[in-house]
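The chain contents come next:
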Amino acid sequence: MEAVNPYAAIPAKIKKIIPETPNITTFIIEGMPIEFKAGQFAELTVPGVGEAPFTPSSSPHADDLEFTIMKVGRVTSALFDLKEGDQLGVRGPFGKPYPLDEFKGKDVFIVGGGVGFAPLRSLLLALIHDINDYKKIYVRYGARTPGDIVYKHLLPGWRKLSKLDWLLTVDVGDETWKGRFGVVTVILDEIPVNVKVAPAIVCGPPLMMKFVTQRLVEAGFQHEKIYLSMEQNMSCGIGKCNHCRLGKVYVCKDGPVLTWEDVKHVEEPFV
Amino acid sequence: MKTYLIFLDKISIFVTELAKEGSLYYSKLENGKTHFVAHHENISIEPEFSKIRTPENMKHFFFRSRDLVARFPKDKSPAVSKQFLVGLKNCDLRGIDVYDRVCLKWQPLDPLYKARRDNTVIISADCPEPEECCFCNLVGLNPYPDAISDINITRLERHYLFETLSKKGEVIIEQFKDLFIEAGKEDLKERDKIRKNAVKALEKFNARSLPDNISERVEKADKKAKHAARKDCVECHGCLHACPTCYCFLLSDYRKGKETERIRTWDACYYAAYARVGGGANPRSKFDDRFWNRFVCKFDYFMQYEDIYACSGCGRCWRGCSGKIDIREILWKL
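Taken in order, these protein sequences are the chains called A and B. With numbering that gives the first Met the number 0, letter number 189 in the first sequence gets 188, and the count goes up by one each step, no holes. With numbering that gives the first Met the number 0, letter number 247 in the second sequence gets 246, and the count goes up by one each step, no holes.
One chain only, chain A, in its complex shape (with noise of 0.2 Å):
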């Protein structure tokens, strides 16, 4: 038997195109191209023009496949030139799930920043989907401004749901927000887990990653049961070509989730 060409993306349409942020997108794929497990990437590919790496915003047992997407860079800012029932590639999943199985009977810590929350939202889905295995998720969610957050046609629903705690931070708010000012670590005063045991979970950009595990390290949380989900350039996505690799871990075979006792000899994890 020939064996699968792991560069070789397969054909996807896209279904539905839903701005969520003056500069994210989210798009969703027709189908379930490619099976994942939350905390997996994928590979997207805009036809004569390159691909990039994305982890799914989806639940790993939804129908469609989602992407929420920041725009920035050549492939990004191709692919919001698309629109829908246009064509793309997808190539993965790549890299290795959030070990669910070890969160389960503890509560879940979960941290997000801005558009860092895309991933998140692919996890906590699949912890909702389980939500009784779980004993509480606690969800801690900064954004620049109120236009900035995410997913806000979702919040009510989730908010709704006892085992799950919100707390919401905007650095800058508006005449209509009610909520916590500041970076999301000032809604980290308070860690209502037992961080002995507990998992904690983060995303976002660079710096924030860089003060939020400062932070989730100083209240004690377990190096090892910290996990950050880690941005390095990537190109293949299977661990050959050496871009991603940070230290000896390759983001994308090992990571692209990493925990801070994986990352934490290297210099400097937060780029």
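Simulated from the structure, these hints should not be mistaken for laboratory data.
Here are the in silico distance ranges between beta carbons for each label pair:
id, chain 1, residue 1, chain 2, residue 2, range
1, A, LYS12, B, GLU234, 38 to 48 Å
2, A, ASP132, B, ALA146, 42 to 52 Å
3, A, GLU266, B, TRP331, 17 to 27 Å
4, B, ASN281, A, LEU81, 27 to 37 Å
Straight-line alpha carbon distances no greater than 25 Å define the calculated DSS-like cross-link-like pairs of lysine-lysine that follow:
id, chain 1, residue 1, chain 2, residue 2
5, A, LYS15, B, LYS73
6, A, LYS82, B, LYS73
7, A, LYS135, A, LYS105
8, A, LYS263, B, LYS223
All residues carry an ideal CB built from backbone N, CA and C; glycine is no exception.
Could you slot chain B onto chain A? The hints should help.
Using the frame of chain A, we list chain B on its own:
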């Protein structure tokens, strides 16, 4: 594995016969140096094995500087034809060993590499006269192969001694058995003497072994040591592209009619954009860190992954370097 003899004047017949079955590339003497050249019909083949490895490195034959690796939306496997490589040295084989581990052992395997590897017959040769640039003995190799290739050749006084190192090699000898006679104990003694002299010559150039715990020393090198190591570097990146063990690459997509072609090109960790992410941040924005990445990759990380150095001791990086940076000098100073 078995050993055979072939008369010196018959080697040309042997390789000419091989050339009828596929593309043939071999080490040829040109102006006092050997170069790896393609055989063209109606030109007699006179391979030369006495010199050190050729300046050309062998990764081209399995992992080209520019390769079409996938098509979109419909992928199809590229055609791969049979090739014979004659005259590789053990340092060349270390390069192939590293690629075998990355492309075949580490899953998922690379199908294009596998197809080329399966369709290639490697005939290596002893390296009887190491030169100043050679340091394969420092990275755990001998100046003669005992694995990776299919057949190895040692030039004796009156014969070439062939040793089969794989099933593929045995099949070839069987196919041309009329050209060969079995080797005896005296022939092996003669070979051992040649090999002993080659090892001695290498030791003369490299009397000092690498410091103990070199992986740890490389990992813990301070900023001063990293800066001092790169002070003569002109950032041409030639060392990385000349290196038989460097395997970094980049995938880029190009439109061709209605199709998209995914092209794999060699990349090098010295390039400023190598580790830069979409938003513009760069974990190795300083050249000191990029320069040192080569050392941690070859002498620390690959050793941790595979228990071998991703360095062949071939000296191509030094020979081709405008700043004459010798990797050995840097390692000895740690």
